[in-house]
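Undergrad: Sequence:
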Amino acid sequence: MKGMNEADIARCRVLKANHLSCQVLASDNIVEPTSLDAFEADFQAIVELSKAVLQPSGNPTGVQSSSSSASSSGLLDVRCPLSVVAARCNRPHIRAQAIELLGRTPSPRR
1 MKGMNEADIA
11 RCRVLKANHL
21 SCQVLASDNI
31 VEPTSLDAFE
41 ADFQAIVELS
51 KAVLQPSGNP
61 TGVQSSSSSA
71 SSSGLLDVRC
81 PLSVVAARCN
91 RPHIRAQAIE
101 LLGRTPSPRR
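The sequence shown: position 50 = 50 (UniProt numbering), numbered continuously.
Among these hints, one or two may not hold up.
In silico SDA-like links for lysine to any residue, alpha-carbon gap of 25 Å or less [as the list claims (entries may be wrong)]:
1. Lys51 <-> Gly103
2. Lys2 <-> Gly103
3. Lys16 <-> Glu100
4. Lys51 <-> Leu36
5. Lys16 <-> Pro106
6. Lys2 <-> Cys12
7. Lys2 <-> Leu36
I should point out that these hints are in silico values taken from the structure, not numbers from a laboratory.
Work out the full structure, taking the sequences as your base and the hints as a guide.
TA: Structure follows, in C-alpha cells:
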C-alpha cells in the first residue's frame, strides 16, 4: 500500500470488511449453524480489519473521525460487518471481540 495515506488505507480496510461480510451473507451454505464454521477466517479478518480502522491515530483527523463522518454521510463503515460477526460467528472469542468493537464504534448521526 505504498503511496497511500492513512485515510485511504482505512477506507480499503472498511471496504474489505464489508466485502467479507457480504460473502458470508450471500453464501448458499448457511443451512445450519455449524456451516458457518467455514467462515471463521473471514470473521477473524473482519475483526482484525475493524480493529485497525478503529484504533486511534496520531494524525489530526484520525481514523475514528473519518469513520464517524463516513457513517453520518451514509458511506460504508465497520458496524455492519461487525454485526454479521456478532450474529453469525460460532467462536465465542471472535464474537466477543466483534461485540466489544461494536461498542467502540461511533453511533450514526441522523
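Undergrad: Could you grab the alpha-carbon distance between Lys51 and Leu36 and see if it respects the 25 Å cut-off?
TA: Given pair Lys51, Leu36 holds - Cα atoms ~22 Å apart, limit 25 Å.
Undergrad: Check whether the Cα positions of Lys2 and Gly103 lie no farther apart than 25 Å.
TA: Violated, at about 32 Å.
Undergrad: If you draw a straight line from the CA of Lys51 to the CA of Gly103, is it 25 Å or shorter?
TA: Given pair Lys51, Gly103 holds - Cα atoms ~12 Å apart, limit 25 Å.
Undergrad: Quickly compare the C-alpha distance for Lys2 and Cys12 to 25 Å and report which way the hint goes.
TA: Holds: Lys2 and Cys12 sit about 13 Å apart, inside 25 Å.
Undergrad: Sort out whether Pro106 lies within 25 Å of Lys16, counting only the CA atoms.
TA: Roughly 19 Å separates the two Cα atoms, so the pair holds.
Undergrad: Between Lys2 and Leu36, does the CA-CA distance stay at or below 25 Å?
TA: 35 Å, violated
Undergrad: For Lys16 and Glu100, compute the direct alpha-carbon distance and say whether it is at most 25 Å.
TA: Cα-Cα ~20 Å, so holds.
Taken one by one, the earlier hints fail for this structure at numbers 2, 7, listed in ascending order.
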